[in-house]
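J.: The primary structure of each chain is shown beneath.
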Amino acid sequence: MHALRVYARLLVAGVRRQSSYPLATLAGLVANATFGLLKTGILLAAVGSAGGTLAGYDVGTMSAYVWLSQGLLGSVNLWGGSDMMQRIRSGDVAIDFLRPVDVQGAAIATDVGKGLFALLPRGLPSVLIGVLAVGVTMPATPGPYVLGVFSVLVGITVSHALVYLLAVTGFWLVETRGVTVLYMSVSGLFAGLFTPVWLFPDWLRTAAEATPFPSMMMYPIDVLTGRVTGADAVGVVGVQLAWLAGVLLLGHVLTRAGRRTLEVQGG
Amino acid sequence: MADALARLAPYRAVLASRVRSQRSYRANFVLDLVGAVLIGLMEFTEIWVLFHAVDGIGGFTFAQILLVFGIADLTFSLADLVVGHCDSLPTYVRAGTLDVFFLRPQPVLLQLITSDISLRRLARATVGLGALVAGLVINDIAWDARSVALLAIALVCGVVMFASVFVTAAGLQFFLVNGAEMTNAFVYGGRYAATQPASVWPKAVVVVFGFVFPMAFAAYLPVTALLGLPGAPWLPSWLGWCAPLAAAWSVTLALLCWRWGVRHYRGAGG
Amino acid sequence: MIIETTGLTREFRVRDGLRRRTVRAVDDLSLAVEAGESVGYIGANGAGKSTTIKMLVGILVPTAGEVRTCGLRPVRDRRDLARRIGVVFGQRSQLWWDLPVRESFEILATIHGLPAGEARARTAELVELLEMDDFLATPVRQVSLGQRMRAEIAAALLHRPDLLILDEPTIGLDVLSKQRLREFLVAERREHGTTLLLTTHDMGDIERLCDRVLVVDHGRLAYDGTLDGLARTVGAQRVLVVDLATPADDLTGIPDATHVRSEGGGLRQHLAFDAESTTAARVLAAVSESAEVRDLSIEEPEIEDVVRRLYAASR
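Residue numbers (my numbering), protein chains in the order written: chain A, -9 to 257; chain B, 1134 to 1403; chain C, 590 to 904.
FYI, nobody ran anything at the bench for these hints, they're computed from the structure.
The structure presented is a predicted model; accordingly, all values stated were derived computationally and were not measured.
Ideal Cβ positions, reconstructed from N, Cα and C, are used throughout, including at glycine.
Fair warning: there could be bad hints in the mix.
[To be verified] Just some of the chain B residues that point at chain A, by a computed CB distance under 10 Å: (1) 1249; (2) 1323; (3) 1330; (4) 1332; (5) 1361.
[Claimed, not checked] Quick look at which bits of chain B chain C covers, simulated, 3 or more residues with Cβ under 8 Å: (6) 1189 to 1196; (7) 1280 to 1287.
[Stated by the list, open to error] Taking beta-carbon pairs under 10 Å as the criterion, some of the chain A residues facing chain B (in silico): (8) 13; (9) 23; (10) 28; (11) 37; (12) 45; (13) 135; (14) 165; (15) 168; (16) 175; (17) 184; (18) 191.
In isolation and in its complexed conformation, chain A is listed as follows:
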């Protein structure tokens, strides 16, 4: 119970830090909307030249994909850097280990807090712009929304749990730029940022599905837009949860090992 309160408090702290820069939020929204319009143009043209449906997407569902992915952009971390990475590099992480909270849990909770907050000023407005300017097709029944919201939450958490993994490599690597660059170069493509993963040729799609990246963005959008429904949708969320559990477990193990490294080297 106490632990839960601690994480809730950290989550709120993340939200508050985010909300103190209104201009930054507006700026993000403008950039988001611009990219959204450009994505809409090219993807709808692709649907058009495919004769009205492309890999199961029609104009309305493709547009829903575009604007939901733009909306999630401020909440999932596709670029790989984090506060934790900085704290490990600077050695400040030693202080975190002295606090009576789990270092991994605290770091991820704070980032998820920021991510969730970003849904309000960046996520929802992006979707709204899509609805008003382009028009989107969304499910008419409540089911996909209920499961979809949960799926989005899991997706955001998967992304920050993954980024945490990058950060803890800093216990052993002098320079984490390499892993960050590697992450950044594959995350966008495999998460389905610029084109849905379902447009990929078979081999590339299989490769994407073998990674946790679609769980961050592609799967939540599929569930939310009703591209997958019923038992299939539950199955997709199950896959997300499995990835989350795996990534968290690995993070836990690496954190403990990292802490030992820190103690041996004396920080």
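Given the coordinates of chain A, assemble chains B and C onto it according to the supplied hints.
T.: This is chains B and C only, laid out in the frame that chain A set:
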């Protein structure tokens, strides 16, 4: 001539020091080079995926879009190499580097532009160059003076346009210190737009990236003129020859924004 | 006149919650500094010192009033002015942090267009006087604060400016580094007649370096004269802090000194005295008559305190 060289000496001294310092962190430098190529390849893959899923988009085949992507990506990377750091003006303001520029006897904008150079972006440029060369080989281009001139104009004007966009961003960031990300809309949004066939753009985008930030002139229009393709509504293919006009406009806009930004910074009013 | 301002005023619009209001950072400031003078420009934090300097060097445009530095208009003639002044902002570096100190000097020499021979000679001179030999090959980011400040000052003096402006040059430095820096500046001025304008929170800087003090308060000039005159005006008191061998009652009966407070049940006592009417030695002698002194220190008046008293006195 000697006089001009003497006037360039301060900029050369700073730039040479940047090059030395980047090479001295060899491991990071190599990592950055590899990373830049990877990211370039991924961006290329996104386009390839889309054109692989359908036969053509906006009147362009994959072979044809290779040329657009190649020219846009190559010229953007070159501009980024030279002036990309202008895009992080708030960092210069916060660190006080900008105030220091005011204390030196050179124009502030020139000092900013020559204060850094990102060699790792050379690697990024190889992706664009590769796409361009491939595009030139597989497309059926009638090689004559006209097409060579068109290509040369496109490359030069592309670099000038993207460089101007970075400077425009710097000028506006004087007003947007906490919201510098807003300029991403036309800097990186502009780069993305320039790699697309402009024929797919909604009207609002045509206005913004066809004329205000004339990204359609960077690659799409010259390629339509080069390959003899029809242009887009509002953007006929003969406009490909007008890239120098678009570049001149970009430079004008950039200098106006920079002047306006500096006036604001010094508190002289808008 | 190397610096001349008339009615210099600078306003800022600041956000105050949702509303915006106008703050006057510099208010109708008129001052004149002759070539060769050495002037301390002091005031509390936020009194308008940095804003004034930024207007003097051409970074900020005045809201109203006139300013001439080296006979030039700072904003319009910024590039000509840059060749004639050297500026060190305490917190912002003009050096290249990832390069050896020497290389920063080389680049700056090129920036100021110094002929190679002259640049070499001047660098050698500064390296010797500021004792920079030890860290000349060290990247700037690895040198100590004291070393960096010496390098910054050398960088500002490389092109032999007529006017040197230093913003908090000794902040954060240890006693020895401060001392060295002050000695260098005195020598530099004697040698080249460089005009010096400095802002500081350290009375010691003013005492050793400046023959004239300007006090600015709320953007207005509150005092212009010598340091002695300032001390007379505000009666700034020094404080003798004594540690006694055994706890004693408050030492109240010392002539020309007033008991400020006691700590540790009377083990440490603070006595304020006026430098005009007595000396530390005399106060100490009087204290020794009634208690055994184990240790002592003398606290100089704080600049904030001087400004506060000045403000109170003018009302």
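J.: The structure should be examined with respect to each hint, and the outcome stated for every one.
T.: So, going through the hints one by one against the coordinates:
no.: 1; hint: 1249; verdict: violated (17 Å)
no.: 2; hint: 1323; verdict: holds (9 Å)
no.: 3; hint: 1330; verdict: holds (8 Å)
no.: 4; hint: 1332; verdict: holds (8 Å)
no.: 5; hint: 1361; verdict: violated (20 Å)
no.: 6; hint: 1189 to 1196; verdict: violated (count 0)
no.: 7; hint: 1280 to 1287; verdict: violated (count 0)
no.: 8; hint: 13; verdict: holds (4 Å)
no.: 9; hint: 23; verdict: holds (8 Å)
no.: 10; hint: 28; verdict: holds (6 Å)
no.: 11; hint: 37; verdict: holds (8 Å)
no.: 12; hint: 45; verdict: holds (7 Å)
no.: 13; hint: 135; verdict: violated (28 Å)
no.: 14; hint: 165; verdict: holds (6 Å)
no.: 15; hint: 168; verdict: holds (5 Å)
no.: 16; hint: 175; verdict: holds (4 Å)
no.: 17; hint: 184; verdict: holds (4 Å)
no.: 18; hint: 191; verdict: holds (6 Å)
Of the hints listed earlier, those the structure fails to meet are numbers 1, 5, 6, 7 and 13, in rising order.
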